[in-house]
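2 protein chains.
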Amino acid sequence: MKPSLLESPLSVVNVGVDAFNLSVTTHGGSVAQVDWQPPGNADPVLAWKLAQLVGDRQDPDATGSRIDRANALAVERVLAARPTLVDVALHARDVWPDMDRTLLHAGAPVAWPDMCGPMHGAMIGAVLYERWADSMAEAERMLAAGEIRFAQCHDYSAVGPMTGIISPSMPVLVIRNLTHGNTAYTNINEGIGKILRFGANSPEVLVRLKWFEDVLAPAMKKAVLLSGGIDLKAIQSQALLMGDEVHSRNVAATSLFFMQFAVPLSQCELPPGVAHEILKFIADTSQFFLNLSMASAKATMDAAHGIEYSSTVTAIARNGVTTAIRVSGLGRRWFEAPSGRPQGLYFPGFSEADANPDLGDSAITETAGLGGFSFAASPALTLLAGGSIAASMEYSRLMYEITDGRNPANSLPALDFAPAPVGIDVRKVIDTGIQPVVTTGIAHREAGVGQIGAGIVRVPMACFVKALEALAEQYPA
Amino acid sequence: MKPSLLESPLSVVNVGVDAFNLSVTTHGGSVAQVDWQPPGNADPVLAWKLAQLVGDRQDPDATGSRIDRANALAVERVLAARPTLVDVALHARDVWPDMDRTLLHAGAPVAWPDMCGPMHGAMIGAVLYERWADSMAEAERMLAAGEIRFAQCHDYSAVGPMTGIISPSMPVLVIRNLTHGNTAYTNINEGIGKILRFGANSPEVLVRLKWFEDVLAPAMKKAVLLSGGIDLKAIQSQALLMGDEVHSRNVAATSLFFMQFAVPLSQCELPPGVAHEILKFIADTSQFFLNLSMASAKATMDAAHGIEYSSTVTAIARNGVTTAIRVSGLGRRWFEAPSGRPQGLYFPGFSEADANPDLGDSAITETAGLGGFSFAASPALTLLAGGSIAASMEYSRLMYEITDGRNPANSLPALDFAPAPVGIDVRKVIDTGIQPVVTTGIAHREAGVGQIGAGIVRVPMACFVKALEALAEQYPA
Numbered sequence: 008m009k010p011s012l013l014e015s016p017l018s019v020v021n022v023g024v025d026a027f028n029l030s031v032t033t034h035g036g037s038v039a040q041v042d043w044q045p046p047g048n049a050d051p052v053l054a055w056k057l058a059q060l061v062g063d064r065q066d067p068d069a070t071g072s073r074i075d076r077a078n079a080l081a082v083e084r085v086l087a088a089r090p091t092l093v094d095v096a097l098h099a100r101d102v103w104p105d106m107d108r109t110l111l112h113a114g115a116p117v118a119w120p121d122m123c124g125p126m127h128g129a130m131i132g133a134v135l136y137e138r139w140a141d142s143m144a145e146a147e148r149m150l151a152a153g154e155i156r157f158a159q160c161h162d163y164s165a166v167g168p169m170t171g172i173i174s175p176s177m178p179v180l181v182i183r184n185l186t187h188g189n190t191a192y193t194n195i196n197e198g199i200g201k202i203l204r205f206g207a208n209s210p211e212v213l214v215r216l217k218w219f220e221d222v223l224a225p226a227m228k229k230a231v232l233l234s235g236g237i238d239l240k241a242i243q244s245q246a247l248l249m250g251d252e253v254h255s256r257n258v259a260a261t262s263l264f265f266m267q268f269a270v271p272l273s274q275c276e277l278p279p280g281v282a283h284e285i286l287k288f289i290a291d292t293s294q295f296f297l298n299l300s301m302a303s304a305k306a307t308m309d310a311a312h313g314i315e316y317s318s319t320v321t322a323i324a325r326n327g328v329t330t331a332i333r334v335s336g337l338g339r340r341w342f343e344a345p346s347g348r349p350q351g352l353y354f355p356g357f358s359e360a361d362a363n364p365d366l367g368d369s370a371i372t373e374t375a376g377l378g379g380f381s382f383a384a385s386p387a388l389t390l391l392a393g394g395s396i397a398a399s400m401e402y403s404r405l406m407y408e409i410t411d412g413r414n415p416a417n418s419l420p421a422l423d424f425a426p427a428p429v430g431i432d433v434r435k436v437i438d439t440g441i442q443p444v445v446t447t448g449i450a451h452r453e454a455g456v457g458q459i460g461a462g463i464v465r466v467p468m469a470c471f472v473k474a475l476e477a478l479a480e481q482y483p484a
Numbered sequence: 008m009k010p011s012l013l014e015s016p017l018s019v020v021n022v023g024v025d026a027f028n029l030s031v032t033t034h035g036g037s038v039a040q041v042d043w044q045p046p047g048n049a050d051p052v053l054a055w056k057l058a059q060l061v062g063d064r065q066d067p068d069a070t071g072s073r074i075d076r077a078n079a080l081a082v083e084r085v086l087a088a089r090p091t092l093v094d095v096a097l098h099a100r101d102v103w104p105d106m107d108r109t110l111l112h113a114g115a116p117v118a119w120p121d122m123c124g125p126m127h128g129a130m131i132g133a134v135l136y137e138r139w140a141d142s143m144a145e146a147e148r149m150l151a152a153g154e155i156r157f158a159q160c161h162d163y164s165a166v167g168p169m170t171g172i173i174s175p176s177m178p179v180l181v182i183r184n185l186t187h188g189n190t191a192y193t194n195i196n197e198g199i200g201k202i203l204r205f206g207a208n209s210p211e212v213l214v215r216l217k218w219f220e221d222v223l224a225p226a227m228k229k230a231v232l233l234s235g236g237i238d239l240k241a242i243q244s245q246a247l248l249m250g251d252e253v254h255s256r257n258v259a260a261t262s263l264f265f266m267q268f269a270v271p272l273s274q275c276e277l278p279p280g281v282a283h284e285i286l287k288f289i290a291d292t293s294q295f296f297l298n299l300s301m302a303s304a305k306a307t308m309d310a311a312h313g314i315e316y317s318s319t320v321t322a323i324a325r326n327g328v329t330t331a332i333r334v335s336g337l338g339r340r341w342f343e344a345p346s347g348r349p350q351g352l353y354f355p356g357f358s359e360a361d362a363n364p365d366l367g368d369s370a371i372t373e374t375a376g377l378g379g380f381s382f383a384a385s386p387a388l389t390l391l392a393g394g395s396i397a398a399s400m401e402y403s404r405l406m407y408e409i410t411d412g413r414n415p416a417n418s419l420p421a422l423d424f425a426p427a428p429v430g431i432d433v434r435k436v437i438d439t440g441i442q443p444v445v446t447t448g449i450a451h452r453e454a455g456v457g458q459i460g461a462g463i464v465r466v467p468m469a470c471f472v473k474a475l476e477a478l479a480e481q482y483p484a
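Protein chains in written order, with the numbering used here: chain A, 8 to 484; chain B, 8 to 484.
Honestly, the hints are just simulated from the structure, not real lab data. Among the hints, a few may not be true.
If chains are identical, the list can't say which one is meant, so a pair holds when it fits in one copy or spans any two.
Stated by the list, open to error - Straight-line alpha carbon distances no greater than 30 Å define the calculated DSBU-like cross-link-like pairs of lysine-lysine that follow: (1) K56 / K473; (2) K228 / K287; (3) K435 / K56; (4) K201 / K229; (5) K229 / K287; (6) K217 / K228; (7) K217 / K201; (8) K201 / K435.
Produce the complete structure using the sequences and hints provided.
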């Protein structure tokens, strides 16, 4: 006769929530714990939506579902991309001849009355810079009256940090993905202090932009053409071994770029003093590489966009009001939710009450596996963000849970050179409840005050819930 | 009546070797283990010598013994030093007018017949470069016949990597310690491949040295003077946050130096093409900063040298045959022992059998708390040396056991930004049996083959035993 269950010592296999285990063990039983959580992070509605996706999870095919295969292709393209700085366009309108009176801005569309302080300030500054108006008041009137067209950087294959304003006369850096042939664009980093990207529009800001247009860009164009192209992926890979995560920290990447740029620049015929002015400006601008890192990520992720069935996130962008994501298999639609305020370290005299909601196209770096996804590469940034080394490791480790790929080109030294996680999967974010981590600068909510800190922000879960709904609708079981 | 020892359960306090604890605990007793090891790493002769040192250990004075106070002063000077590149001397003989037919070399004195292969090759190259002879055979004859005087870099306040040859016509970099006023010198890094410092002496090697003398040094001098001085300590501090330990890896330091140097260089009046040649040479030479890092360490440690009673090591230098140390309170005497061969990663086709014994003045960086003492800063180097991240942490952690100071300017990110250990104490090396760790390149034992690997070497214990004996003799109880 078999012993009855209650007469022999209890041997329990527990699946999921481990709250009951203690009472078993205190009464002499043993427990084998199986880590598991229900689909949709225990939300039955989300679990049902996940279950409705085409051939997913239930698909007995050993190579995975159609979504799995589409995402594998997206990751393959990300890993194969070779983003390279190949040229500098002297004016954005040279790239987009029909641009006319258009201002490109960061993030998803936002109407003039709804824009945040820095975006208002930067738009006014751009109108003055373009000489469409002679005064701030006139500029503001034109903007409010709809006399200036607004468009998104992302719809022009472009990205810009913070307000991300690109106007027709501004020069843009031209980054080609040599593997897939697509091109991305970005503006030039202005350094710190009074700068358009934080909404400042005083004469000194416009003078600097004019210097970009008249002096810096023509010289950069010569040097970049002479160089035969500067390999941005190689710089990013090296910089990850040198304490950058190439979003909020670009100290190493900027100095590596500086070396590769100064050598051809020193061969260019330039007016007296120009080489010196340019080298001094870049040497003083530790985030100079940020825009290049973003455009490198954009050129990479655009190659992974537009794959049918893919639930890979190909853009995260913030207009200062909402945070929005794009998904490879869902075309140009944005999936939006209100932006959070970053948590982090504020400069003396500022607090979270002064912070603008999360702003800028720079989170494109996270979609490419950099920034928060490579947080473990940047102990110095941990210090800036007020955390411990262990915490920075943990940020990167969590991101493995929501991604489909590992990028050997992005190696994380502190994790014994593990390849960084890449390829955010909408399904995995929903399933785990883990929100993507973004390392970011913190802007003051008023125009032109500038950066007031640096920290961490999470992409809102609502973006992913909306994206999941769209996936379930477009690719039903 | 008290219970007898053998009737009650055993409660043992064990001091030192823990081999007996197991037998106590297996019989139901409890053990409190006290970590302790006998003085002199259990060697009674060394323990006796340590006990003979003036007022040491037994000194009831709360501020420590005279040696402790002398070492505290040495560390204070190390932390306060401000090594700065202030000038470039176009020829070594401009600095030392009575240099005449002298060749400075790395390490302690060594006679011509005893020198290693690379040192022979480099000496011959220097004689040809100086045009003291027209052929290798004639150069070798002069060197063997004593027609050329040999002296040590260290006795000229100079340091040179590997063979470390400095001849009268070579330019030298001038590094001033702005706090203490002393000056250190070094030669210019030649890059990799066929180079004098590894004993190569072919025409291409001499052509490069001539280019240093005629082109690079005059331009560098202009740029350095225009810069007002380049702060080497600041570059080293930053580079430690960027994956360098600034001995065997100087990728970040070189790029930071490049930025600070290129800006003033671009303001100098130079013949056409010179700025480009120079920037290209430095950009292609990732160890360019090594010599500056060494001279920065030399300018720092010289300020801590010559303190009465101090047992602080102020130099570690290798001539390819012996490794030698100098001690602050013991004047110019070298304490020598045969050099070991580095353990590490060999380039394809080479093995330890091809390696020259440890060579060069570069271990001056370890005396200043860099290199092996800051190993934890450089995960990329761990990979090169074939170790794990945990091992690189351990190297740094061990060095805390044999040093008297902690340098807040040298922060180790992976150890939660702990200040790096600095100030090797002869007494502590003897007491713990822990040998200082040096990160180093590995030279082929034949002249001119060049670098064949990179790895780790330990400073021989015999150097410290001899230094202890000299301390006990000079500063008796």
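Inset, instruction - Give the relationship of K56 and K473 under a CA distance limit of 30 Å: within one copy only, between copies only, both, or neither. - result: within (11 Å within a copy, 77 Å between copies)
Inset, instruction - Give the relationship of K217 and K201 under a CA distance limit of 30 Å: within one copy only, between copies only, both, or neither. - result: Cα proximity of K217 and K201: one copy only (15 Å, versus 48 Å across).
Legend entry - Up to 30 Å CA-CA - K56 versus K435, copy category: within (13 Å within a copy, 66 Å between copies)
Legend entry - Copy assignment of K229 with K287, given that the CA separation must stay at most 30 Å: both (18 Å within a copy, 17 Å between copies)
Legend entry - Alpha-carbon proximity between K217 and K228, which holds within one copy, between copies, both or neither at 30 Å: within (16 Å within a copy, 35 Å between copies)
Inset, instruction - Tell me, please, which holds for K228 and K287 at an alpha-carbon limit of 30 Å: within, between, both or neither? - result: Result: close both inside a copy and across copies, 17 Å intra and 19 Å inter.
Legend entry - Within, between, both or neither: K201, K229 at alpha-carbon 30 Å: Classified as within: same-chain Cα gap 28 Å, cross-chain 34 Å, threshold 30 Å.
Inset, instruction - Go through the copies and call it for K201 and K435: within, between, both or neither, with a Cα cutoff of 30 Å. - result: neither (41 Å within a copy, 54 Å between copies)
The structure is inconsistent with hint 8 alone, although it conforms to all the rest.
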